[in-house]
Amino acid sequence: MAPRSKLTTFLHGFAGRIILGGAIIHLLLIPFLFSSVLFIVAKGYKEQFLNHVRHDARQVAERISEQTHADQIRAQLDDAVFSGRLAYAEIIFEGGGNIAALANKSSNETFNEDFYFGEHANNLYFIAVPFHSEPFQRAATLRVGYDETATQEQIYQAYQRGVLLAIGYVALSLLLVVIVTPQLTRPLRQLRDAARRIVDNDTVGHLRVNSSIHEIAGLAEDLERMREKLVNNAEAVAVREQRIRAIMDNVVDGIVTIDARGNIESMNHAAEKIFGYKQAEIAGENLNLLLGQPYACRIGRGESEPAGSIDDISRLAEHETVGRHRDGHTFPMEMAISELQRAEGMLYTGIMRDITERKQAEAELKALQEDLERRVIKRTRELASLNRELEHQALHDGLTELPNRLLLQDRLRHAILTAQRKVTPLALLITDLDRFKEINDTLGHHYGDLVLQQVAQRMRGALRESDTIARLGGDEFAVLLPGIENEADAIAAALKLISALEQPILLEDQSFHVGASVGIALYPDHGEDGATLMRHADVAMYVAKRANSGFALYDSKEDQHSVSRLSLVGELRHAIEYKQLVLFYQPKIDLKTGLVTTVEAVVRWDHPQRGLLLPDEFIPLAEHTGLIRPLTFFVLDEALHQLHLWQKAGIGLRMAINLSARHLQDEHLADKIVATMQQWGVAPQLLEFEITESAIMANPLRAMDTLTQLDVMGVGLSIDDFGTGYSSLIYLKQLPVDEIKIDKSFVIDMLDNNEDLVIVRSTVDLAHNMGRRVVAEGVENEAVLKTLIEMGCDMAQGYYISRPLTATALGRWLKESGWRLSEQNTPQV
Amino acid sequence: MIRKWTCLLLSCLMVLAQPSLARNGHGERLVLVTDQASGISRLSASEIRRLFLGFPVNLAGKQLTAVINQSDTRLYEVFLQKVVFMSANVYELHLLSNVVQLGGQLPPTFKEQSLLADRLHKQPGAVSYMWQADLTAYPHLIAIGELWRHEAN
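The listed protein sequences derive, respectively, from chains C and B.
Counting from 1, one number per residue, gives the positions in the first sequence under the working numbering.
Counting from 1, one number per residue, gives the positions in the second sequence under the working numbering.
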């Protein structure tokens with residue numbers, strides 16, 4: 001910037017501006033003002049002149065018109081001219097001729113009437129006034145001329161004085177401005193000096209400016225307040241800086257401030273610790289001193305410097321890089337750079353953190369993560385395998401490896417959809433093994449499982465690969481036959497199954513005949529969905545089993561039985577609860593004495609709709625549904641109650657009660673029996689329990705425990721239906737039983753069937769040899785009775801002796817039949 | 001550029017000076033005018049001066065009214081010098097003084113000559129003055145006297 005001249009500096013100052021402004025205002029206004037005044041003055045002079053000459057010319061004309069002689073007229077004209085009143089005077093007559101003043105000053109001037117001051121520029125104002133002899137008959141014209149010079153001089157003098165006055169006014173004004181302005185600007189200069197002192201941080205002294213100008217005084221007060229505020233702010237800033245410094249020094253991260261050229265301005269204690277430098281020795285050094293060589297940044301370097309691996313600092317924002325310690329070792333470092341725009345240039349703030357430990361931890365974590373991933377992959381594979389296995393287990397029977405009910409239902413659903421699409425029938429077969437229960441109960445589950453495995457194998461061998469054979473549970477199987485052409489195909493498949501299962505099954509050198517009953521349901525004739533087909537095939541299977549026909553095709557007429565069977569369960573539960581069951585008693589006689597010693601309690605169901613139902617019609621149902629336990633306890637309670645009544649009546653009979661195989665598994669059976677006996681005051685010697693052979697052999701060890709408990713109680717024990725199961729003589733020998741009841745199937749026809757006769761005889765001998773009493777069931781005629789007596793059988797029971805009777809009927813029978821109680825048992829009257 | 005502006009300025013001045021030059025020419029006449037229907041045929045120089053000085057003037061029982069024509073500066077100056085023999089300021093002061101002393105109203109003044117002609121037409125007894133040359137534009141007006149005529153020396 002070029003140095004200013006003194007004049008320029010002055011004109012840029014407050015005083016210069018005031019003076020310059022005043023001069024400009026005067027230069028503009030004074031000419032206008034004075035020219036306006038002078039114009040008005042001049043106009044006034046002219047107006048005055050015009051009014052004078054017009055008025056005077058008329059007066060002159062009037063006076064002349066009073067004269068009648070030419071000499072007098074001329075004399076007046078001369079008088080007016082000589083006196084200076086007029087400069088020119090002349091009368092022009094209309095008829096010709098004139099009278100002019102002798103002393104006309106402007107005789108050379110041509111009369112040219114004026115109507116404005118100064119018109120025609122001849123310093124004369126000519127005016128003509130007509131004389132009239134009569135109205136509108138002009139006789140002559142007075143022509144007079146007035147000197148304009150005097151008025152022009154007056155105007156000129158007014159101009160001169162005006163100009164002088166204006167110049168004097170301007171000069172005086174400027175003089176006053178020059179004198180007054182410094183006095184005005186002095187306090188301003190003082191304020192300026194004070195402001196400069198504040199700028200130079202000289203804020204100690206108070207600002208005092210004395211001025212009568214209230215704006216300047218106010219400005220001085222404001223400036224003083226500003227100074228005080230600056231002082232206060234400076235103190236606050238100093239305190240804040242100290243606090244920030246204290247905070248920075250206590251921050252865990254290193255903080256380094258860098259100027260626009262990349263030079264370090266400051267660093268906190270943490271940074272000193274990270275890099276090993278003191279702030280005093282690192283201040284002014286380039287940031288790259290703290291960075292590993294490959295990671296140096298470009299900040300503050302010249303443009304000509306090759307970039308190489310050097311990065312621009314702006315790229316270092318939130319960056320992992322390598323730091324360099326004073327001792328030369330490098331370390332991983334996290335650095336974040338932020339920018340701050342200051343008046344003196346950019347300020348970069350770097351926040352740095354030694355992440356050596358974190359990196360080590362990350363490496364360890366990564367190794368752990370990889371190990372975990374490997375384990376997860378391995379575990380995932382294992383789980384996938386397990387899932388497949390579980391899926392297989394979920395859909396297959398574990399024993400036979402056949403599809404289970406779930407998979408069957410799925411395949412059945414698909415088969416039905418296919419059959420719908422192709423409009424072809426399909427068949428569903430339900431198969432139930434006929435004698436599996438006996439095998440399982442007698443030989444145990446192990447043998448039962450082996451039988452099921454062989455059955456499954458044979459069924460697979462008998463059917464097509466496309467057929468689905470499923471185990472539904474227990475000894476129940478289902479066969480899905482898709483793609484058959486007609487009912488005959490289903491029957492042929494059923495016959496194949498039956499044929500395959502009729503062959504004896506060999507288990508550990510023993511052969512077993514199981515046999516099977518097959519129920520057949522066809523799609524779409526017997527049902528259009530899987531559930532219906534299953535239910536109908538089941539119904540058909542029960543029909544086949546009941547009829548012992550091998551197989552049966554579903555018949556809706558038979559379905560009623562299935563429904564009634566299901567409803568019977570609910571009714572049986574109701575019957576037990578509301579005591580709709582009735583006990584009948586069938587006597588057993590001692591063949592040696594012919595006396596009635598014992599009665600067997602046999603339960604009947606007095607069904608409100610179906611009439612009196614025999615045990616075969618509801619006991620299996622009770623055993624399958626778990627109702628056998630309450631049913632047996634009902635019988636026990638009723639029987640002992642009756643025994644109690646007979647005891648009171650003096651009838652000395654023993655009571656035999658049947659126990660199911662399930663009771664042998666009941667740990668609380670003995671407790672219940674004892675409690676009931678105590679309730680009715682019955683001695684254990686009067687009570688006898690009959691257990692079927694198959695029930696005992698289902699779990700001989702458990703049966704042994706239960707029977708031992710009962711034996712200890714003193715009650716009698718009998719093996720029922722002996723000969724129908726697979727008794728082990730070893731067990732039989734060890735069982736604490738008192739009596740063996742030969743199954744009626746051997747006794748009924750023994751006189752016609754020698755094999756049965758041999759069995760009965762052998763059984764009697766065997767029992768006697770084992771010290772057991774023998775009871776023959778099914779005695780229906782006298783010949784059989786006699787034969788049994790001959791064989792040495794101990795007791796007999798059957799229709800020949802008596803059918804099961806109610807308690808009342810039994811009393812009549814005892815009185816009316818030939819059979820009698822022993823004397824000691826005879827009722828005391 | 002300066003020459004161009006000078007020529008333009010001179011041309012304008014010549015155009016503006018044209019009417020004035022024409023009236024300064026021979027035959028320029030200032031006449032006293034009234035409406036044809038006013039019935040006024042002639043006024044003496046004394047009656048004219050009295051009328052325009054604001055004094056009442058009756059003619060055949062009819063009150064005459066002065067109407068001042070200021071449509072032309074020169075016309076007005078000629079009127080002042082030839083009729084009332086006063087300067088403009090003094091004439092106006094005189095009229096004002098007359099109104100204050102005698103009552104009545106100031107004579108109506110028109111700067112637009114067509115409006116003045118309308119006023120003369122609508123107000124019988126109203127008398128004014130105008131250039132003889134301008135009279136042809138107003139057929140309903142008639143000149144009832146000559147106030148001034150430009151004469152050759």
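In short, the hints are calculated from the structure, not lab data.
The beta-carbon is built from N, C-alpha and C at its ideal position, and this holds for glycine as well.
Mixed in with the good hints, there may be bad ones.
Restraint ranges, calculated between C-beta atoms of paired labels, are given here [claimed, not checked]:
1. B:LEU135 x C:ASN112: 42 to 48 Å
2. C:ASN112 x B:VAL99: 32 to 38 Å
3. C:SER212 x B:LYS111: 52 to 58 Å
4. C:GLU62 x B:GLN105: 28 to 34 Å
5. C:SER36 x B:LYS111: 21 to 27 Å
6. C:ARG85 x B:GLN70: 20 to 26 Å
7. C:SER173 x B:LEU135: 36 to 42 Å
Far from chain C, by Cβ distances over 12 Å, these chain B residues were calculated [claimed, not checked]:
8. PRO56
9. GLN63
10. GLU77
11. ASN98
12. LEU106
13. LYS122
14. THR136
15. ILE142
Can you name, in rising order, the numbers of the hints this structure does not satisfy? Numbers 1, 6, 7, 10, in rising order.
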